[in-house]
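Number of protein chains: 2
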Amino acid sequence: MGVRVALVQINPTVGDLTGNAILIAEAADDAARLGARLIVLPEMALTGYPIEDLAQRPSFQRGVSQSLQALAQELATRGVGGCAVIVGGLGRAPSGAPTNTATVVRHGTLEAVYVKHRLPNYGVFDEYRLFEPGTKPVIVDVDGARVGVAICEDIWTDGPQGPVAQLTAHGGVDLLAVLNGSPFEVGKAAARHTLAATAATALDAPVVYVNLVGGQDDLVFDGGSFVVSRLGQVVAEAGRFHTQTLLADGDERGRRIVEMSDEEQLYRAVVLGTRDYAHKNGFTSAIVGLSGGIDSALVGTIATDALGRGNVVGVWMPSAYSSAHSREDAADVAARCGIDYRVHPIGPMVEAFDAALGLTGVAAENIQARVRGQVLMGISNMEGHLVLATGNKSELATGYSTIYGDAVGGFAPLKDLVKTRVWALARWRNARAAQLGETEPIPANSIAKEPSAELRPGQLDRQSLPDYAVLDAVLDRYIEHASSRQDLLAAGFPADAVAVALAATDRSEWKRRQYPPGPKVTSLAFGRDRRLPITNRWVEL
Amino acid sequence: MGVRVALVQINPTVGDLTGNAILIAEAADDAARLGARLIVLPEMALTGYPIEDLAQRPSFQRGVSQSLQALAQELATRGVGGCAVIVGGLGRAPSGAPTNTATVVRHGTLEAVYVKHRLPNYGVFDEYRLFEPGTKPVIVDVDGARVGVAICEDIWTDGPQGPVAQLTAHGGVDLLAVLNGSPFEVGKAAARHTLAATAATALDAPVVYVNLVGGQDDLVFDGGSFVVSRLGQVVAEAGRFHTQTLLADGDERGRRIVEMSDEEQLYRAVVLGTRDYAHKNGFTSAIVGLSGGIDSALVGTIATDALGRGNVVGVWMPSAYSSAHSREDAADVAARCGIDYRVHPIGPMVEAFDAALGLTGVAAENIQARVRGQVLMGISNMEGHLVLATGNKSELATGYSTIYGDAVGGFAPLKDLVKTRVWALARWRNARAAQLGETEPIPANSIAKEPSAELRPGQLDRQSLPDYAVLDAVLDRYIEHASSRQDLLAAGFPADAVAVALAATDRSEWKRRQYPPGPKVTSLAFGRDRRLPITNRWVEL
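Residue numbers (the numbering used here), protein chains in the order written: chain A, 19 to 559; chain B, 19 to 559.
What the hints contain is simulated information worked out from the structure, not anything from laboratory work. Predicted, not measured: the structure shown is a model, and the values here were computed from it. Each hint should be verified, as a subset may be incorrect.
It does not matter which identical chain is meant; a pair holds if it fits inside one copy or across any two.
As a list, the in silico SDA-like pairs of lysine to any residue whose alpha-carbon atoms are at most 25 Å apart [stated by the list, open to error]:
| no. | residue 1 | residue 2 |
| --- | --- | --- |
| 1 | K529 | R546 |
| 2 | K467 | V361 |
| 3 | K154 | V204 |
| 4 | K154 | H297 |
| 5 | K529 | Y486 |
| 6 | K154 | N139 |
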């Protein structure tokens with residue numbers, strides 16, 4: 019492409035205009051020193067992404083405008099002025115409506131503003147709510163090369179009238195820069211490569227695809243910025259799940275990109291989402307209830323990888339129904355992770371409730387889980403740790419959890435991972451440790467033993483739920499692929515398992531609404547990705 | 019207008035296709051017997067509204083299609099066949115995408131389908147996410163009269179190219195039927211009258227405006243269906259907050275519509291929202307923690323009005339810091355309402371936690387609130403009552419509540435009412451009782467006394483929060499009108515009150531995410547009406 023380009027995948031924080039501008043200025047400065055002439059930031063890098071209804075606050079709009087002007091000055095002061103720096107941010111249409119923009123900053127001025135044409139309004143996205151779409155192309159000259167600009171969805175829903183075709187109609191480009199805020203989903207990297215390759219071949223020009231990195235509430239941005247050649251081959255790729263500046267000159271040769279395993283992608287995504295939720299919200303430490311089971315063992319390990327072993331507290335809270343192996347396994351995971359381990363028996367509190375209320379059955383089971391939730395919240399209130407909920411997607415779907423009990427927490431790392439994936443990630447994490455010669459963090463017994471909530475004698479998950487292999491397959495089809503009951507029966511799933519899974523999922527929406535956020539890692543997570551009424555008498559046909 | 023029209027404001031339940039079809043058939047049958055020739059139902063009456071992502075499930079789409087066919091047959095069988103019945107529901111565009119439709123059913127057939135042109139995608143609405151817009155007008159002949167069809171937003175965002183102008187371009191109409199799913203906001207009725215009057219004068223034809231009634235999660239539909247003459251005068255109006263069929267012949271004379279007071283509208287909306295949330299989700303009874311304060315006294319009264327005095331349990335849960343007047347006032351409101359009253363001292367449970375964890379400060383305060391939440395949930399689990407949270411909008415804004423404590427519940431009646439409105443509604447409800455010669459439900463002392471959480475000796479709300487009159491005025495401007503800090507200071511609010519209110523609101527988003535739903539009654543409620551990130555470092559300028 020004849021121009022040295024820097025793909026700058028940074029990790030901004032929503033609303034932190036000053037902090038984000040510093041990240042941008044420093045990265046641009048470094049890139050310019052390494053000879054970059056075109057420096058491309060991700061979508062809405064200046065504001066963080068997604069900003070949701072902040073887009074519509076006039077005071078925020080003014081703040082962004084001032085920050086962008088200040089950034090242009092800062093870049094000029096630092097000697098980056100001669101480079102074209104393309105910064106994602108928030109603009110205003112002539113109507114006054116907010117816009118999702120890419121501003122070309124050069125020589126201390128805002129040289130051109132591209133407004134995102136295609137606004138995603140499905141899944142987790144609400145961009146019709148927030149932004150007015152743009153209609154005009156932007157092509158800037160960088161040392162004689164014509165550089166076109168696009169933003170994320172612009173290359174996902176293109177077509178004959180689309181932003182890419184428009185560039186061709188305006189004389190074509192020598193390079194297309196695409197600014198992205200593309201949330202992680204397992205397996206999505208290949209789709210991005212394909213889309214960029216389609217744009218590259220349509221334009222007969224290389225494409226640089228720059229993505230955000232970092233966690234933002236329920237989203238994880240995985241980076242993985244890349245360059246495709248005019249022939250549509252990926253010729254360079256930045257790392258995933260960490261910040262990086264990738265430099266490309268256009269003479270790179272096609273190479274085979276080695277995709278991470280699903281388990282590695284998922285694990286890294288959840289660690290990054292947990293770390294950034296904590297740090298960006300002012301927490302340096304986390305607390306997790308360790309039961310000896312697989313979910314809490316994995317959450318304890320994730321917390322350790324996210325925050326460091328000195329910043330995690332594990333608490334075992336035994337009851338009369340806790341087994342000997344639970345005690346051993348809870349202590350074992352804490353020892354393996356090297357975290358602060360504490361024991362708080364819940365008997366006295368549970369007995370006080372039982373004496374006052376005479377609880378039996380599910381009410382008596384719930385009180386145990388709720389006392390545990392209170393213990394974690396009490397310690398959190400005293401010591402300032404982020405409470406991590408340990409529920410997985412299978413439990414969240416079926417409501418197999420106690421609201422205000424094991425559901426308490428500020429963040430839920432496993433929220434979008436079904437139980438069979440929890441096991442797979444635990445195995446992967448242990449295998450990775452073994453590969454590196456480190457201690458395997460997760461006790462083999464926590465992986466091997468049969469799941470139990472241990473809220474009554476002899477309780478096992480399978481007394482209430484179908485086998486997890488069946489349940490998870492049904493949930494995947496019902497939730498992520500909108501299969502009907504008839505579809506599921508036709509696919510050969512047992513009628514009783516289908517009936518239990520669907521009825522439990524439908525009646526648990528109220529519990530999910532009060533569940534903490536957790537990282538979306540699949541194509542359809544619970545939360546804003548799947549918006550269903552609580553009051554809903556529809557029964558799947 | 020020369021045709022007898024029935025405006026049928028029913029209360030459907032989302033997803034209950036069979037039940038809703040029965041409501042429609044019975045109401046249409048009654049209207050036909052009373053001579054109606056045109057019978058108009060509200061927006062999405064067959065499916066309930068809003069159905070959110072249910073719109074996109076193929077199995078649900080098929081279910082709606084089958085129900086509509088069956089309804090057409092049922093209407094013909096009942097002898098309603100000769101009437102034109104306009105039913106709101108869910109259709110499919112040629113592209114396969116779902117549509118928000120009004121189907122004209124007559125003689126057992128689906129004679130015409132109007133597709134909503136204008137899709138609201140702001141506030142609580144996500145219709146771009148769900149539906150493909152229509153482009154064509156529908157005009158049906160009813161005994162020689164030309165009847166045009168529109169759906170809700172079609173008359174809110176009309177303009178020269180809009181659905182109403184289109185009807186004029188197609189030869190005009192003798193009557194416009196507008197199907198609505200217009201959620202309650204205090205004072206909104208006048209806006210609807212104005213819009214319908216604008217359409218009527220533009221068309222030189224009367225307009226019948228038919229609205230849903232009932233609660234659906236966080237929305238309340240208030241009915242209030244009406245007819246405006248070709249001159250734009252409201253000439254007939256159905257009741258609000260209850261189901262009704264209004265018959266109109268077009269020879270009604272203009273009359274002055276007496277709008278309910280704000281307090282009456284708000285109170286009735288919250289009662290209806292609470293009743294329908296309970297009943298539509300299978301609850302016949304509710305439980306509320308009575309503290310002796312104004313919030314819980316009002317919630318107890320609302321629950322009694324919503325569900326009946328035999329179906330409400332009030333629980334006083336005293337601690338060492340509970341005052342003598344709290345005991346008297348809690349017992350008093352229960353006696354005045356005539357509900358089941360119980361006392362559960364929390365001392366033993368709180369002492370068990372304190373002994374185990376050694377809690378102090380805010381952690382010790384929170385444990386009291388959390389023990390109370392557990393007591394209510396325990397009784398609910400044993401007896402099946404819906405737990406009502408008592409928090410108001412001022413508390414929800416500032417985070418002045420204990421998560422998993424006083425925030426527990428399935429529904430929060432006061433969620434969108436600031437504290438000063440809570441007092442106003444309590445006074446209104448007592449005045450109404452006095453007017454009717456009934457017992458005033460709310461103890462005068464609960465209204466008069468200074469607010470306190472009573473979680474430590476001598477605690478008062480004003481030690482943590484600005485005076486509620488100031489706080490509520492600041493919150494109204496900051497939240498509902500997007501005022502900046504500078505705007506608020508320029509308006510003369512004290513700097514310290516503004517600082518406390520804004521900082522507290524900004525840092526409490528995480529708590530609001532886990533709060534139960536409650537009825538939206540203002541122009542901007544917390545929840546899907548106001549979508550802000552939790553992770554958000556923006557500080558208002």
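Consistency of the hints with the structure:
1. K529 / R546: both (15 Å within a copy, 17 Å between copies)
2. K467 / V361: The answer is within: 22 Å in one copy meets 25 Å, while 44 Å across copies does not.
3. K154 / V204: neither (33 Å within a copy, 42 Å between copies)
4. K154 / H297: Answer is neither: 39 Å inside a copy and 53 Å across each miss the 25 Å cutoff.
5. K529 / Y486: within (21 Å within a copy, 32 Å between copies)
6. K154 / N139: both (21 Å within a copy, 24 Å between copies)
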